[in-house]
Amino acid sequence: MALDTVSIAAQTPDQEQPFAALGLKPDEYQRIREILGRRPSSSELAMYSVMWSEHCSYKSSKVHLKQFREKAPHSDALLVGIGENAGVVDVGQGYAVTFKIESHNHPSFVEPYQGAATGVGGIVRDILTMGARPIAVMDPLRFGPADAPDTRRVLPGIVAGIGGYGNCLGLPNIGGEIVFDETYAGNPLVNALCVGVMRHDQIKLAKASGAGNLVVLFGAQTGGDGIGGVSVLASETFGSTGPAKRPSVQVGDPFTEKVLIECSLEIFAEDLVVGIQDLGGAGLSCATSELASGGSGGMRVELDTVPLRDPSLSPEEILMSESQERMCAIVEPGKIARFLEICKKWDVTVNVIGEVTDGDRLIITWHGETIVDVPPRTVAHEGPVYTLPLAKPEYVDRVNAQVLDLPMPQSAHEVKAAIIKLISSPNMADKSWVTSQYDKYVQGNTIQSQPEDSGMIRIDESTHLGVAISTDANASWSYLNPYEGAKLALAEAARNIATAGAKPLAVTNCLNFGSPEDPGVMWQFAETVRGLADGCLEMGLPVTGGNVSFYNQTGDVAILPTPVIGVLGVIQDVRSRTPMSFTDAGLELYLIGETTNVLAGSEWAYMHNQRGGQSPIADLQREIRLIELLLEGQSIFAAAHDLSQGGLAVSIAEMVLHNNIGATISLDQEIGIALLSETPGRVIAAISPDHAGELISMARKYDLAITKLGTTGGTSLTVNDAVIPLDELRTAYTQTIPKLFG
Amino acid sequence: MMAKIVVEVMLKPEILDPQGKAVAAALPRLGFTFATSVRQGKRFEIEVVGDPTTEQLAEVSRAAETLLANPVIETFVVKVEK
Amino acid sequence: MKVGVVTFPGSLDDRDAARAVRAGGSEAIALWHDDADLHGVDAVILPGGFSYGDYLRCGAISRFAPVMGSIIEKANAGMPVLGICNGFQILCESHLLPGALTQNQGLHFLCTPQKIKVENISTPWTSNFTEGLEIVIPLKNGEGSFQCDDETLAMLEGESRVIARYVGINPNGSRNLIAGISNARGNVVGLMPHPEHAIDPLTGPSADGLPFFTSILNAMVGK
Numbered sequence: 016m017a018l019d020t021v022s023i024a025a026q027t028p029d030q031e032q033p034f035a036a037l038g039l040k041p042d043e044y045q046r047i048r049e050i051l052g053r054r055p056s057s058s059e060l061a062m063y064s065v066m067w068s069e070h071c072s073y074k075s076s077k078v079h080l081k082q083f084r085e086k087a088p089h090s091d092a093l094l095v096g097i098g099e100n101a102g103v104v105d106v107g108q109g110y111a112v113t114f115k116i117e118s119h120n121h122p123s124f125v126e127p128y129q130g131a132a133t134g135v136g137g138i139v140r141d142i143l144t145m146g147a148r149p150i151a152v153m154d155p156l157r158f159g160p161a162d163a164p165d166t167r168r169v170l171p172g173i174v175a176g177i178g179g180y181g182n183c184l185g186l187p188n189i190g191g192e193i194v195f196d197e198t199y200a201g202n203p204l205v206n207a208l209c210v211g212v213m214r215h216d217q218i219k220l221a222k223a224s225g226a227g228n229l230v231v232l233f234g235a236q237t238g239g240d241g242i243g244g245v246s247v248l249a250s251e252t253f254g255s256t257g258p259a260k261r262p263s264v265q266v267g268d269p270f271t272e273k274v275l276i277e278c279s280l281e282i283f284a285e286d287l288v289v290g291i292q293d294l295g296g297a298g299l300s301c302a303t304s305e306l307a308s309g310g311s312g313g314m315r316v317e318l319d320t321v322p323l324r325d326p327s328l329s330p331e332e333i334l335m336s337e338s339q340e341r342m343c344a345i346v347e348p349g350k351i352a353r354f355l356e357i358c359k360k361w362d363v364t365v366n367v368i369g370e371v372t373d374g375d376r377l378i379i380t381w382h383g384e385t386i387v388d389v390p391p392r393t394v395a396h397e398g399p400v401y402t403l404p405l406a407k408p409e410y411v412d413r414v415n416a417q418v419l420d421l422p423m424p425q426s427a428h429e430v431k432a433a434i435i436k437l438i439s440s441p442n443m444a445d446k447s448w449v450t451s452q453y454d455k456y457v458q459g460n461t462i463q464s465q466p467e468d469s470g471m472i473r474i475d476e477s478t479h480l481g482v483a484i485s486t487d488a489n490a491s492w493s494y495l496n497p498y499e500g501a502k503l504a505l506a507e508a509a510r511n512i513a514t515a516g517a518k519p520l521a522v523t524n525c526l527n528f529g530s531p532e533d534p535g536v537m538w539q540f541a542e543t544v545r546g547l548a549d550g551c552l553e554m555g556l557p558v559t560g561g562n563v564s565f566y567n568q569t570g571d572v573a574i575l576p577t578p579v580i581g582v583l584g585v586i587q588d589v590r591s592r593t594p595m596s597f598t599d600a601g602l603e604l605y606l607i608g609e610t611t612n613v614l615a616g617s618e619w620a621y622m623h624n625q626r627g628g629q630s631p632i633a634d635l636q637r638e639i640r641l642i643e644l645l646l647e648g649q650s651i652f653a654a655a656h657d658l659s660q661g662g663l664a665v666s667i668a669e670m671v672l673h674n675n676i677g678a679t680i681s682l683d684q685e686i687g688i689a690l691l692s693e694t695p696g697r698v699i700a701a702i703s704p705d706h707a708g709e710l711i712s713m714a715r716k717y718d719l720a721i722t723k724l725g726t727t728g729g730t731s732l733t734v735n736d737a738v739i740p741l742d743e744l745r746t747a748y749t750q751t752i753p754k755l756f757g
Numbered sequence: 002m003m004a005k006i007v008v009e010v011m012l013k014p015e016i017l018d019p020q021g022k023a024v025a026a027a028l029p030r031l032g033f034t035f036a037t038s039v040r041q042g043k044r045f046e047i048e049v050v051g052d053p054t055t056e057q058l059a060e061v062s063r064a065a066e067t068l069l070a071n072p073v074i075e076t077f078v079v080k081v082e083k
Numbered sequence: 002m003k004v005g006v007v008t009f010p011g012s013l014d015d016r017d018a019a020r021a022v023r024a025g026g027s028e029a030i031a032l033w034h035d036d037a038d039l040h041g042v043d044a045v046i047l048p049g050g051f052s053y054g055d056y057l058r059c060g061a062i063s064r065f066a067p068v069m070g071s072i073i074e075k076a077n078a079g080m081p082v083l084g085i086c087n088g089f090q091i092l093c094e095s096h097l098l099p100g101a102l103t104q105n106q107g108l109h110f111l112c113t114p115q116k117i118k119v120e121n122i123s124t125p126w127t128s129n130f131t132e133g134l135e136i137v138i139p140l141k142n143g144e145g146s147f148q149c150d151d152e153t154l155a156m157l158e159g160e161s162r163v164i165a166r167y168v169g170i171n172p173n174g175s176r177n178l179i180a181g182i183s184n185a186r187g188n189v190v191g192l193m194p195h196p197e198h199a200i201d202p203l204t205g206p207s208a209d210g211l212p213f214f215t216s217i218l219n220a221m222v223g224k
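Chains as they are written, first to last, in my numbering: chain A, 16 to 757; chain B, 2 to 83; chain C, 2 to 224.
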């Protein structure tokens, strides 16, 4: 079958091309023709179509996301900001930490195990490619109702996939969330976060510079994974003799990635690469065009030198392949021998596939014929940018005006029932059935993991320096007010870092939304980004990178806007961290922060099918003061736990169950509000009586409300007159999830 | 058509097969009621040049005993399929 | 005292085992799967992980590594060898220990702090325990169910070669709740749970695992 080369393309300007089937709009196709001065070859068309897709180019979100750069707060800690594979933050003592969160939503709905597994694989490679050793993973997951048949189909597979891949890589899973909500029925959200650590001088960037330097592909062989769409071209070129089926689900091999990690780290340690990029979405198309754009601008690749698992692949298919566990490095000729030796030691497939050139074109050949000749920046960075129409949806004012009519517990019996009802609900119940499928001990540096407020990893064994990470989102609030919802999620994640005594440093985000072609969704998105950017500026926390996942919807119905915010912080000595719960009786319990009537968007309201009302307004100055108190108070706290979904009821229940030590608390204000309200910016602290005075002074110093709740001890949770034996509370807490999924 | 040597490996009958049990439990949930028991095993397809010789089959048996199967908990069968 | 820790492709807990060796007072020597030279070590640890991705069967491919030839030879001559998790699986596959590890009865990977009872303190890896001591160390695997025929089981029990046993509910379906065994001579020990992750309450459920790594020092005293 005829290969469609650049010279043929130049000679056949009127040949029809299936640009629409590849997802390109007519004006986008026209623009490609203008850039090249001719029609694109089929390989070039394939490259542009995938690199200009929403997923790769961010064409609908860029105009909003630029606020993260424009409103970026000054931060001494930021070493690498937005634009690279992952952000990098200075945590002191010469260490740099890189972290990022990404989504793999749609693949996980199609094939739960592999979708989730390859999601982990992809984010780990993003961290590795920055030059870091990956040290931990976290996975915020969102599903439809817990008892829905489709949830039973996807959840076990997704959890098994995350465990299967992450455990085999030797990465402790230190946190995440599991949330059940009708809004995610048909659109589960699988967001994967990875953290890595390196020394400052080990940071690697994705740039191909130095004419004559070699372009080297290493890792797994290339097969037909994930090329579904581009088969249109294959059939164009090969007609009816082409292969009948191409696997569109990417299949991961964590063993290959594990040896790739060790091989890469040895290569980095010997300083053998000038630049490096991992191959994720859009595979080689992305890696070559991004590396070339990031460097001097010129690259030449001989596509027929790519090691193949399937020799029948066409050049278009090779360019589009999303085969996992592959990296692309730029290596000086003098260092290639050693590079190849290390790959051989680890039995990693490797081949030199091209070189950096003097010009400013990316040229790809196939058995000597030029099939791609493009300016790389137009592929990788200068794709279309759209300002899609946005309009505040009519639901907002209507829903905000709704008045809640919720049953509020008053008697001891009702109080006990409310606490049990909350703690046994799928969203609040114990998730050990899930988290025990993840290794949390490997690498021997895990200080905190689920169900603590944040995951914490020690990064230096002699100085005990550590980092903490938390991910949070509140779709109920984002639905009511996307601007405030973003700020509130940011505040919650930062607060979760601070309760343990770590200082928040930087932010990553995974923005899960419906279709950008829906002006209402676009409005939610724009408001969310505006809120997050404003919030980050006010809190002095730069956004270092993140991910946008659009099109999470079934038919016309989009998911509730779900921006997942990840905050990373540093702690000087992990030994001095504040645990989430107390290990002694006789301590005093205090609630820091004022409780007001915030039931709109609460777990209690959700459980009663009422999603209306007004979200709280974020008070970030007060949140900042609370964080400062938590950091200053580290040495006097016995324990500190954040309040969020489920309010005081859930937080105090979690605390007493954690170490099986009860508590007796009395609540003076209206008990329903006190127990169930979700006013942001509150923490329960346990403190020895000798230090209580200091805590109260500190609260005054930081202008924060403080209320004594009661004392620790005993074998029950007692709230005013309601007495719940710990055994009963534990049974309610631990039975739900195994019953549903075990 | 190239013949191939096939090695089928099964857990010994006395060894617990949790995967087989899980499959057996899942079948009736899908409306399949024919099975009284299900056990899960592995199948290796080995291609050689030309038709398999008796020597090759003997070698495959040795390979099965040493690598493809764990004789402590598994049994195997070697056969030729066209 | 030099304790070698082997790295196979896919080993995960090798650096953690080395850390535990150092915490126990010995020098940790990194051994590479492809290198038959044991570099003069006095004892060897086969660490946990997913060597060769657990392809074919856990440990089935690792057992043929060049380093294993030397280890088998030295083990038969009395060198102490400790196989943890995947290491235990490799010891069974290479027939230094009887039986086999199969898939967890519950079908899931299970990571949990597990109570076990140390029953045999006459091995070089357990001499610093008191007999019958109950300890809590992490169990984390998908294929941890110890299986063997009745004859082997009778031999192991009869000769007191069960060095550790699960306490409470059987976490994975192992026969007789067996968590660890030794060879006849007592120098080769396989243990399913991970003592290297219980050397410091800061990073694990306890420091109960440390005696596995201090006991080995006593083995040198006799030499």
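Worth flagging that the hints you see were computed from the coordinates, not collected in a lab. Glycine included, every Cβ here is placed at the ideal spot set by N, Cα and C. Incorrect hints may appear among the rest.
With a straight-line Cα cutoff of 27 Å, these simulated DSSO-like cross-link-like pairs (lysine-lysine) come out [claimed, not checked]: (1) B/Lys83 / A/Lys754; (2) A/Lys446 / B/Lys13; (3) C/Lys116 / A/Lys446; (4) A/Lys81 / A/Lys518; (5) B/Lys5 / B/Lys22; (6) A/Lys436 / A/Lys222; (7) A/Lys436 / A/Lys723; (8) A/Lys723 / A/Lys431; (9) A/Lys222 / A/Lys81; (10) B/Lys5 / B/Lys83; (11) A/Lys77 / A/Lys436; (12) C/Lys3 / A/Lys360; (13) C/Lys75 / A/Lys360; (14) C/Lys116 / A/Lys754; (15) B/Lys80 / B/Lys13; (16) A/Lys754 / A/Lys446; (17) A/Lys360 / A/Lys350; (18) A/Lys222 / A/Lys350.
Just the calculated beta-carbon pair ranges, DEER-fashion [said to hold, decoys possible]: (19) B/Gly42 / A/Asp42: 30 to 40 Å; (20) C/Tyr56 / B/Val81: 44 to 54 Å; (21) B/Val81 / A/Arg324: 58 to 68 Å.
Unsatisfied constraints (hint numbers, rising) = 1, 2, 5, 6, 11, 19, 20 and 21
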